[in-house]
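A.B. asks: Please arrange chain G on chain P, whose structure you already have, making use of the hints.
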Amino acid sequence: MNALIYGFAMQAGLGVLLWMLAHLGRTRLQAGPPIIMGAILWNMGVSVGILGILAGDSTGYQWLEMPRYGSMQIFVGYLLIGVGAMLTLHNRRERRFSSTQLFALAALFWFAWIYATAQMLLVAHPVRGALQFELNTWYVNNLKNVWFAFIGLGAAFYFIPKFVQRPLYSHYTSTFIFWTLTLFGSWAAVPPASPLPAWMPTISGMGAFLTLVPVLAAASNVRWTMRGKFSAMKECRELKFFWFGALAYILAGIAGAVMLLSGVSRTLNFTWFIPAQTELFLYGFVAITLFGAIYHIVPRLLGIGFPKPGMICLNFLLSAIGVLIYVLPLAVGGIKQGHGLNDASKPFAEVMLSMLMFLRVSTMGDLLMALGNVLLLVNLLSILSRAGKTSASAAWAANTKDLEARA
Amino acid sequence: MNPGPLLFLATFFTLAMSWFGFVLAPQLQLGNQQRVESKTTGDLYPQMRPGMARQGEQVYRANGCNACHTQQVRPKGYGGDYARGWGARDAMVQSVNEDYLYDHPAMLGTQRVGPDLANIGLRQTNATMLLVHLYNPQFVMPKSVMPPYRYLFEKHKLEVGKQPSAEALPLDAAGTPGYEVVPTDAARQLAAYLLSLHSDQLLFETPPLKTNAPSVKPAQPAATTNAPGTNTPAK
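Residue numbers (the working numbering), protein chains in the order written: chain P, 1 to 407; chain G, 1 to 235.
Certain hints may be false.
Chain P is faced by these chain G residues, among others (derived, beta-carbon under 8 Å) [stated by the list, open to error]:
id	residue
1	3
2	11
3	18
4	79
5	105
6	112
7	145
8	165
Worth flagging that the hints you see were computed from the coordinates, not collected in a lab. Where is the CB? At the ideal position from N, CA and C, for every residue including glycine.
This is chain G alone, in the form it adopts within the complex:
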């Protein structure tokens, strides 16, 4: 008997199991997920990013930021993610599928050489500070191992007696007298993208914690989570 066809079929079905299980089934379960109502604000979540931020997403991708930064926060108590202040939901579960609905590509990342950025837009709300960080990370974080992204900026020589333009970075302390550093469009888009990164809305998948214990994180951005109406997940 020629075992060839039988072998082929058996191999085919074994490998097809993996395909059905991890390509088709997730697609059936979540492929058509739509926006949901936020338990915090009642708005639809997630909102589409503004245009600048969408362009910035492509700058983030092109520069490979996701090689060193993740955008996924593991549940509270699992690892140090929440304790480090990376999570913004007062719930057990932190990152969920909805957070990435409008991302293309969705850059969840696999390695943390830098901190998680899922909520960077809540931790740093000042675009100028983000731009300074991109231009010279050590200026903001003296011990940072992040490389500078100087090519996203233009350095002009200032004429004598002329003030730097309004867009120039406030870098006086860094010692560049006679020069101004102006962010390019790409840098501004990237900063807009980073500002747009936040996943703090409470959803059905992230029921708020039921404890009345004092919050471990006083700097919680969403302060409404202890309101009586939000303590039980809606059906």
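Bound-form chain P, shown alone:
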């Protein structure tokens, strides 16, 4: 999970963000060397952090498991990249401010805030008791439902209009999405019946439910931007990734809004449904959207096309089918598990055993996604070797990152 979040999704997100900032501002990327330094630091932090977790140094907090010697490097790396991004934004020559820049600016700012807060109050000077749990939930919710949504939606509202060659259906809607998401999405996602004062789960549930507003608004904005242009997906490979990502966002958004309702959470909390929703959001929406962005950006950076464009299609199919096969059995199994667990006459072990078939099927999906990821690596390596680069041995995530940073 940590490798997916910090190793891929956030890095690719930051890379795409830099590209969009430079392009929207009609300027060159500022402060290149610090950004590359930041990317190197970030990757060192992630590698060291994951080794630390394997060695038993995990902090024990969800999505913050990396020990301090990893997370410090990540934070400094992020600050360096962030400074470069802010300078790029500051030096923009196009004065009109698009909604994507709004998403990007808020995302840049918000991660530094939530990460610093979480590290300070959980790892460095831990708060007492169940508040640790509450803070952890607040961090996870803000990284997932706010930061990643900012990046994913910002990319979708930037790239989809580009591909269908028509302006975004409504600039006002995307501004509206920004404000509602910032306002409602950023409340913590404390599940009902947590060992905390009742106002926390209540306000959390309300915030999560109201997040339906930006989710549905995003759905309508994408729908109307793409209307009558769905056939464009046949020609333009990258558009498929964005279309699938938007669908996954809507589905995951609806599931996320509903699963914190008291009556639903009674059954679904603590079951496999929760990781299914998270995976649909992180992989189905964020990662696949960013795949599309990478496939669009890298050839333009290197000035050449992918040697085998068919492989991009294959990557899309593997990743999209993989995430569906991963998520659907897990979600259905989770609902079954929740009902089983709430029926105390069923032995616990039997409920768990009945999950095994769902888990096996979903592992197949995992395998397909892994194949899709390998294909992305192969595609990137092939275009790199074609460009005469010799840095093929470096980690693929680092490669994409550095290349984007050099734009």
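C.D. replies: Just chain G now, with coordinates in the frame of chain P:
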């Protein structure tokens, strides 16, 4: 007009609302919570864990036990938690903030692949059985999906005619003749931690149920909850 500063300020305040609401406010409300008097025993609650158990807490963390086990029991009647015997308080509310006051990290968990462990120290009071469970879960629970934690144990070959040491696990039925399985320090610490997990004291936040109906759980560890003096929460 340059909308930049205005936009920045508006975004800042919107996000700051979340920070004030869910970071600062909970801290002001509960950040300085102290130990309270237990309604069951009159002692201060919670008690600091013994040293072995505190070390065991770190073993629990390092091995990621909290990925599959929660330590939070939802209120009676909300889900199957109480009916499954995971809660030990004869009250509506089960887990409360006090239960975690001395935990670092507080590992409440978010997923149940295994049963809730908030009161495992009351359900299983035998450290040896816990150790056997860690060494070979299926030996204790034939249908368990828990992986074995063999690396927390050492397996020695026994010399002919020599008896296993006193610390070795009673595993004869599992078919390891000629060998003894001895728990490492980490395993013993983990077992001590698990034994220390219990949240059965009645507190102000968990007023006892006022009904005189027969208890649904005969194996209730705290038997004093129907005493007349404890039926009303103290001011």
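A.B. asks: Taking each numbered hint in turn, which are not upheld by the structure, reported in ascending numerical order?
C.D. replies: Checked against the structure, the only hint that fails is number 8, while the rest are satisfied.
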